[in-house]
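Visitor: Next come the chains, spelled out residue by residue.
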Amino acid sequence: MKEGVIIDLLKKLFKNDKDVSSKNIAKERLQFILIQDRIKLSPGEMESLKEELLAVLSKYIDVDSSNIKMEVDRHDDMMALVANFPLKRSV
Amino acid sequence: MAGKAIVITSGKGGVGKTTTTANLGTALAMLDRRVCLIDADIGLRNLDVVMGLENRIVYDIVDVVEGNCRLEQALIRDKRQNNLFLLPAAQTRDKTAVTPYQMQELVSKLKEEMDYVLVDSPAGIEQGFKNAISGADQAIIVTTPEVSAVRDADRIIGLLETEGFKEPEVIINRIRQDMVQKGDMMDIDDMIEILAIKLLGVVPEDENIVISTNRGEPIVLKPEKSRAGQAFNNIARRIDGEELPLMSLEKDTLLKKIKRIVGLS
Ligand SMILES: Nc1ncnc2c1ncn2[C@@H]1O[C@H](COP(=O)(O)OP(=O)(O)OP(=O)(O)O)[C@@H](O)[C@H]1O
Ligand SMILES: [Mg+2]
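Note that the protein sequences, when read in sequence, are chains G and P. First residue of the first sequence? That's 1 in our numbering, and the numbers climb one at a time after it. First residue of the second sequence? That's 92 in our numbering, and the numbers climb one at a time after it.
Be a bit skeptical, because a hint or two may be false.
Said to hold, decoys possible - In silico DMTMM-like pairs for lysine to aspartate or glutamate, Cα to Cα no more than 25 angstroms straight-line:
#1 K221/P - D37/G
#2 K257/P - E71/G
#3 K23/G - E284/P
#4 K40/G - E260/P
#5 K50/G - E284/P
#6 K40/G - E284/P
#7 K27/G - D280/P
#8 K23/G - D275/P
#9 K27/G - E237/P
#10 K23/G - D269/P
#11 K23/G - E260/P
#12 K257/P - D73/G
#13 K27/G - D281/P
#14 K27/G - D269/P
#15 K257/P - D37/G
#16 K69/G - E45/G
#17 K27/G - D278/P
#18 K27/G - E296/P
#19 K40/G - E217/P
#20 K27/G - E260/P
#21 K23/G - E298/P
#22 K289/P - E71/G
#23 K23/G - D281/P
#24 K103/P - E71/G
#25 K23/G - E237/P
#26 K40/G - E254/P
Just so you know, the hints here were simulated from the structure itself, not pulled from any lab data.
Working from the sequences, and respecting the hints, build out all of it.
Guide: In structure tokens:
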């Protein structure tokens, strides 16, 4: 029993909350689901929207394609598609 | 001055709409407001049972709209609060037995007599939901801190906004602080961030709800015995215009418990 407690404690001390805790998984899944619900796009359409945006942007700027984030936010009675295309650090 | 009609809705079923309606209605009545509860869940009547009034039903909402009785005849007076009334749903009919227009008429008639009209909505986004929101001035969405419930709540919020509801507010029900602390349940901030609407209150998971439902006595009647009862009381006071901070969900210390029992907090 005691060992169990100690192990739990160690886990708590060392675990990277962001990755392990199930609430963060829930939150991430929800955010993704809500984008589709709010703008009524299927996961496939979402993906092609992202690809096409990326293609257009890449013509002009160096986008870091591994870190793209898209969200639909609600402000009062307005919704906004917020797309985050980080730029590659120039060397 | 006419009262205010508030619909209590959710999208996903079983998250606590009926429990919330019964408790907020009772709590508002305990604040000396005149209150009428409408069970809009036609075909799945429940609010009467949670209120312990099932044996007093003679007429129901469908009888009223079909003209089998007058509105006053269908209203059941609560056992405990004489300024609290229930308009029961019909059990043997379906959601199409009442139209949104009829509902609106009914609600506006009741608002003339009452300070608050609370409408318990059925789950879903179909006709029953459309009926329940007709005539309401304000909407409260109940959700639990789970992915599917929050998703459905978000859908409902969208629908309510299209219907012209200005500021829907949310109640998070059945939150478990022990799980939140372990990182296994979304907390209040997560939910506000995701839903981006105003939080009206938080109600903890509480086994006393089951006990009070067994007895047909809303839990707010004995708030000193439960966190959930206290939470519903606070929400009622917020609805009634008081500025109250969100209840802390930490475990009670002995001192806090004593204070609560003697009415100091
Ligand atoms: N805070 C709580 N703690 C413990 N149990 C709860 C709590 N809130 C609700 N419940 C229980 O959850 C169940 C469903 O609640 P309720 O009937 O109020 O939900 P509902 O949203 O009205 O359901 P429906 O969609 O079927 O109308 C009931 O058994 C009730 O006692
Ligand atoms: Mg119900």
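Visitor: Is it true that the CA of K103/P sits at most 25 angstroms from the CA of E71/G?
Guide: 23 angstroms, holds
Visitor: Regarding the pair K221/P and D37/G, is the alpha-carbon distance no greater than 25 angstroms?
Guide: It holds: about 20 angstroms lies between the C-alpha atoms, which stays within 25 angstroms.
Visitor: For the pair supplied as a hint, K40/G and E260/P, is the alpha-carbon distance within the 25 angstroms limit?
Guide: Answer holds: K40/G to E260/P is near 23 angstroms, not above 25 angstroms.
Visitor: Keeping to a limit of 25 angstroms between CA atoms, is the pair of K23/G and D275/P held or broken?
Guide: The given pair, whose Cα atoms are some 5 angstroms apart, holds under the 25 angstroms limit.
Visitor: Taking only the CA atoms, is the gap from K257/P to D73/G under or equal to 25 angstroms?
Guide: 17 angstroms, holds
Visitor: Holds or violated: K23/G with D269/P, Cα cutoff 25 angstroms?
Guide: 13 angstroms, holds
Visitor: CA of K23/G to CA of E284/P, is that 25 angstroms or under?
Guide: 14 angstroms, holds
Visitor: For K23/G and E298/P, compute the direct alpha-carbon distance and say whether it is at most 25 angstroms.
Guide: 23 angstroms, holds
Visitor: Between K27/G and E260/P, is the straight-line Cα distance small enough, at 25 angstroms or below?
Guide: Measuring from Cα to Cα gives roughly 20 angstroms; hence the hint holds.
Visitor: Check whether the Cα positions of K40/G and E217/P lie no farther apart than 25 angstroms.
Guide: Status holds; Cα separation ~19 angstroms.
Visitor: Tell me if the straight-line CA distance from K289/P to E71/G falls inside 25 angstroms.
Guide: 20 angstroms, holds
Visitor: Keeping to a limit of 25 angstroms between CA atoms, is the pair of K23/G and E237/P held or broken?
Guide: Holds: K23/G and E237/P sit about 9 angstroms apart, inside 25 angstroms.
The structure is consistent with each of the numbered hints, conforming to all of them.
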